[in-house]
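Same order as they appear, the protein sequences are chains S and L.
Counted from 1, the first sequence has number 263 at position 263 by this note's numbering; the numbering is strictly sequential.
Counted from 1, the second sequence has number 1183 at position 183 by this note's numbering; the numbering is strictly sequential.
Quick caveat, the hints were computed from the structure, so don't treat them as lab data.
Don't take every hint at face value.
Said to hold, decoys possible - Not close to chain S: a few residues of chain L, all C-beta gaps over 10 Å, as computed:
#1 P1115
#2 L1120
#3 H1217
#4 D1233
#5 D1238
What the hints assert, rightly or not - Result set (DSS-like, lysine-lysine): computed pairs, CA atoms no more than 30 Å apart in a straight line:
#6 S:K697 / S:K524
#7 S:K763 / L:K1095
#8 L:K1253 / S:K763
#9 L:K1133 / S:K481
#10 S:K673 / S:K683
#11 S:K481 / L:K1253
#12 S:K763 / L:K1092
#13 S:K683 / S:K524
#14 S:K391 / L:K1094
#15 S:K15 / L:K1133
#16 S:K234 / S:K113
#17 S:K481 / L:K1092
#18 S:K15 / S:K763
#19 S:K258 / S:K62
#20 S:K673 / S:K524
#21 S:K268 / S:K258
#22 L:K1094 / S:K481
#23 L:K1153 / S:K763
#24 S:K5 / S:K524
#25 S:K203 / S:K160
#26 S:K258 / S:K234
#27 S:K203 / S:K181
Said to hold, decoys possible - Pair ranges (Cβ atoms, derived):
#28 L:D1206 / S:L384: 51 to 61 Å
#29 L:D1041 / S:R836: 53 to 63 Å
#30 S:V814 / L:Q1080: 54 to 64 Å
#31 L:R1036 / S:L412: 54 to 64 Å
As the structure is a computational prediction, the values presented were derived from the model and not from experiment.
By construction, the Cβ of each residue, glycine as well, lies at the ideal position given by its N, Cα and C atoms.
Listed below are the residues making up each chain.
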Amino acid sequence: MTVLKTSLRNFLAHKGRMALSAVAVLLSVAFVCGTLVFTDTMSTTFDKLFAATASDVTVSAKDASDGGETTSDNGKPPVVPASVLADVRDVEGVESAEGALHSTSLTVVDGDKESLSPTSGGPTIVGNWTANDARTMEITSGAAPEGPEQIMVDADTADKHGLELGDEIGVISVVGTHTAKISGIADWSVTNPGAALFFLDTKTAQQVLIGESGVFTNVNATAADGVSDAQLKKDVTAALGGDYKVLTAQESAEAGQKDVEGFMSVMKYAMLGFAGIAFLVGIFLIINTFSMLVAQRTREIGLMRAIGSSRKQVNRSVLIEALLLGVVAAVVGLLTGVGIGAGLRALMGTFEATVPAGPLVVTPGTVATAFAVGVLITMLAAWLPGRRAAKIPPVAAMNSVHAGATTKSLVLRNTLGALFSGAGVAVVLAATTMDGSDGQVPMALGAVLLIIGVFILTPLLSRPLIAAAAPVLRFFGTPGKLARQNAVRNPRRTAATASALMIGLTLITGMTVVAGSLQNAIDKMAASAIRADYVVSMANGNWLSPDVARTLERSDGVTASSPLRNAPARFDGQTVFLTGVDGSSIGELTDFPVRDGAFEVAGTRIVVDHGTAGDHGWKVGSDFTLTHENGGKQELTVAGIYEGNEMFRGIMLDLAALAPHQPDPIDMQVMVKTSGGASDAAKDRLVEALGTNPAIKVQDKKDISNELASMFTLILNMVYGLLAMAVLVAVLGVVNTLAMSVFERSQEIGMLRAIGLDRGGVKRMVRLESLVISLFGGVLGIGLGVFFGWAAGELVGSRMATYELVLPWGRMAVFLLLAGVVGVLAALWPARRAARLNMLQAIKAE
Amino acid sequence: MTSAVTLPKHGGTGGRTAVAARARQVVKAYGSGETRVVALDHVDVDIARGRFTAIMGPSGSGKSTLMHCLAGLDTVTSGQIYLDETEITGLKDKKLTRLRRDRIGFIFQAFNLLPTLNALENITLPMDIAGRKPDRPWLERVVETVGLAERLKHRPTQLSGGQQQRVAVARALAARPEIIFGDEPTGNLDSRAGAEVLGFLRRSVDDLGQTIVMVTHDPVAASYADRVLYLADGRIVDEMHQPTAEQVLDRMKDFDARGRTS
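Here chain S stands alone, though its shape is the one from the complex (with noise of 0.2 Å):
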């Protein structure tokens, strides 16, 4: 009872200091709770729309994924033919049924070509309008398409377009470019989840998205009055036979469920990763919070300890002080959960995704994820410092010496650190030695044990590190002379607080490294094995029509041409990458290093990779035999080897040798070589010649580079939003390192105001030394973040000819810029702490 009391004595005392610890514990369970509160609203919301909108059993083609659509090899989605709906239809328990189709593989645009698809990455579907989306949906204004010339859009869009009855909507697909006008719009009854959706009648849909008639997506069926959903499958699968995947609404609302989480882990890994950054930096500030506490209160430990305390009680004392610590972080954080729960909703909305609305969830799991977290982490964070207090003598209490930092040797942790720096070298080192996927492990496991070797290490390095700093602290006289020995004064604590700083700058200066290096050999990759002036390809990555190679082909000014056709086959019961090219102009659009043999495509004479050949042990020369997807067999030639690279490898065939097994060509890109050279006159003939169509996109080597730099600084900058959480828990840590130097120090700083230094000459000793604790930390994190991103390039080098280390001198300026800030910032309080000291008081204070 008295060590609850006394705890929670101790507690209340040392309010402020707890608060900040409480902060970093704080942001973890709070990032925690908000992803699962967002995710758990967003799935029961979805969960009741697709409860609403799936029919009560629903029949697809057996490769249709179960979620909905899915694009098979030939550009289109897998279909049932029409017999199945009068299959259905016969079946007893069946009410009625109805032919549906549906299909995200294309581009819809409007009038002057811009397209009308989702910004925020929802689908755009196209289909026939059936009962079942009747259900769902209202038509407020127009009607139901009827014949080739009518469409209908929902309304959001409509609205976010400002789309009218009669206006043209053109739908792009594989099948070729079909436009209509507006005769309906459509609004949804219950939660819009996002997409963009039109109809066209049924007889319409199957030409535009299939290019045949007879033939559905799936095949809706409503159960009689008294038939289970569950019967019901199981009389229609009976009738239909195990050729087609048949599924209760139920299923199809868990599998429409499963889309929907794969579309919103991205999202959650990400607050999961800010969750474990948080917690990972407030394990440190909590070690060095108690750490520092237990310190200051040495002789009243020691006073309970003569008194009769034992061990285990002072331990325990300290451990109920991290229990009111958790409790109090899981228990703001919690709510604070909720809020970012909330928040992201509402932060969806205004990236125009159309987020459902309804309740916040917050379940059961998520309280108790958010204790569990948040005291099990504080508590485990201050078993050592409790520990250590449990060691304090009684002894301790008669001291009349200020009871200063231990000063015990740093020999045992100095050899430790080594050793697992060592090891940790060594390993890293020897994983760049291996072959790609080979090293990962060795890699991460390597990067570890330096990360622990390097902490622990921390107290030996700062001294050398911040020596180093000492001319410039020069400059600023004597409060930089005393930040700078402060800083060293009590190097277990100065690593602890940089540590935190390091870890966070390791993880950002590899991943800008890699990133950098990585988008740079990619580059090169496309530089060098590309000779063509343009590449056109579908801008939503879906596959293009032939009929862009055919146009290519005969427009003006065009030298060179040939499509990369997809043709997936398969030798020895393996997939293997087939490509269907020009072999008259290959050798002109592309540039590979040929090891053996010649670049020679035509007949059935074709080129492979270096790689492939390797599996299957081919050589120039060499005779084997390929099953076609059509189960066509075709015996070829090898008639040269080049060096593929991540962009380009597998077999290279002869278009009029392929054309036989491909009743339904598609094309990946077009490549393209003009007379002139790339230049904006060439480009535009060439869009011009496509029809101006938004959907296709025509690249030149430069659009292409920078179409990888986006993508390379969209995942960059998520990355930095790490950094923007790591830094913010290290500022505290600083806050907190600081404040508590200034508390042991108020002796000595009212002396140095007694015998004249200024207020400001205390600010600017106070934020010295944070600036140099930060960028000690910096410094330490930008090194190991360098040789962690060249140890993985080695690795990524392995497998890529053109990668090089590149080191983004910029970036790394900056990020040591922005530890100085966060060494400023962190000052700032302390630093005003200090300088209004009573002297006069801090010097009689004992």
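Use these hints to put chain L onto chain S, whose structure you have.
For chain L alone, coordinates are given in the frame of chain S:
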């Protein structure tokens, strides 16, 4: 009034007035209304230049407060304090800090030294803060006087309590302040180390012409002074010149008895 900007060229001596510091009608009160406590009650005092003055009195008499006010460490409620011809009451913190740095030396009971600096660095600290170069020959003379020449590179933790206080005395002397204030400078020392430090203070007055004001409750320490001021209830109630320890002790007993009967 020119002395505010004039650095003293010789440790407290020279052609200036015979009074190094003076207090006029100084009142220092804490709190207000019923809880108002008056620590100094209209005190007038002159500190003679080149002399060693001790301030004595029972606990709560206001002796430390008087010293803090004279030294510009604390503000007064009313009245004026002059250092030489400069009025320090009413000075802003920045000016006051500079005045302490350039014209006043301090020796506290404890925590005189920065543990991160060695003895020499501690001694030159006020000059380092001011960005002034120490006067080498003077510094050497001071160091020799306090007998620390062998230990200049030592850290405070490597020095005994007496040695630490001698470093503090050296620091106070090294900057050649007009006046040195000591707040129980021997309070934490055993009698031998205390005698050593007091001996140095005495010699710095006799040999170097330094002005020193020291607060103490130890009659032996007070006996090193030229003049002892007695404070009681915030007023100067008595003074004694060229005291001996016995005389001081007797006077103290006297006050104690009076205090009990009144």
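We went through each hint and held it up to the structure:
{"no.": "1", "hint": "P1115", "in the structure": "8 Å, violated"}
{"no.": "2", "hint": "L1120", "in the structure": "13 Å, holds"}
{"no.": "3", "hint": "H1217", "in the structure": "15 Å, holds"}
{"no.": "4", "hint": "D1233", "in the structure": "21 Å, holds"}
{"no.": "5", "hint": "D1238", "in the structure": "26 Å, holds"}
{"no.": "6", "hint": "S:K697 / S:K524", "in the structure": "21 Å, holds"}
{"no.": "7", "hint": "S:K763 / L:K1095", "in the structure": "17 Å, holds"}
{"no.": "8", "hint": "L:K1253 / S:K763", "in the structure": "47 Å, violated"}
{"no.": "9", "hint": "L:K1133 / S:K481", "in the structure": "16 Å, holds"}
{"no.": "10", "hint": "S:K673 / S:K683", "in the structure": "11 Å, holds"}
{"no.": "11", "hint": "S:K481 / L:K1253", "in the structure": "49 Å, violated"}
{"no.": "12", "hint": "S:K763 / L:K1092", "in the structure": "18 Å, holds"}
{"no.": "13", "hint": "S:K683 / S:K524", "in the structure": "22 Å, holds"}
{"no.": "14", "hint": "S:K391 / L:K1094", "in the structure": "46 Å, violated"}
{"no.": "15", "hint": "S:K15 / L:K1133", "in the structure": "45 Å, violated"}
{"no.": "16", "hint": "S:K234 / S:K113", "in the structure": "47 Å, violated"}
{"no.": "17", "hint": "S:K481 / L:K1092", "in the structure": "27 Å, holds"}
{"no.": "18", "hint": "S:K15 / S:K763", "in the structure": "24 Å, holds"}
{"no.": "19", "hint": "S:K258 / S:K62", "in the structure": "18 Å, holds"}
{"no.": "20", "hint": "S:K673 / S:K524", "in the structure": "19 Å, holds"}
{"no.": "21", "hint": "S:K268 / S:K258", "in the structure": "14 Å, holds"}
{"no.": "22", "hint": "L:K1094 / S:K481", "in the structure": "21 Å, holds"}
{"no.": "23", "hint": "L:K1153 / S:K763", "in the structure": "28 Å, holds"}
{"no.": "24", "hint": "S:K5 / S:K524", "in the structure": "68 Å, violated"}
{"no.": "25", "hint": "S:K203 / S:K160", "in the structure": "28 Å, holds"}
{"no.": "26", "hint": "S:K258 / S:K234", "in the structure": "23 Å, holds"}
{"no.": "27", "hint": "S:K203 / S:K181", "in the structure": "16 Å, holds"}
{"no.": "28", "hint": "L:D1206 / S:L384: 51 to 61 Å", "in the structure": "58 Å, holds"}
{"no.": "29", "hint": "L:D1041 / S:R836: 53 to 63 Å", "in the structure": "29 Å, violated"}
{"no.": "30", "hint": "S:V814 / L:Q1080: 54 to 64 Å", "in the structure": "56 Å, holds"}
{"no.": "31", "hint": "L:R1036 / S:L412: 54 to 64 Å", "in the structure": "59 Å, holds"}
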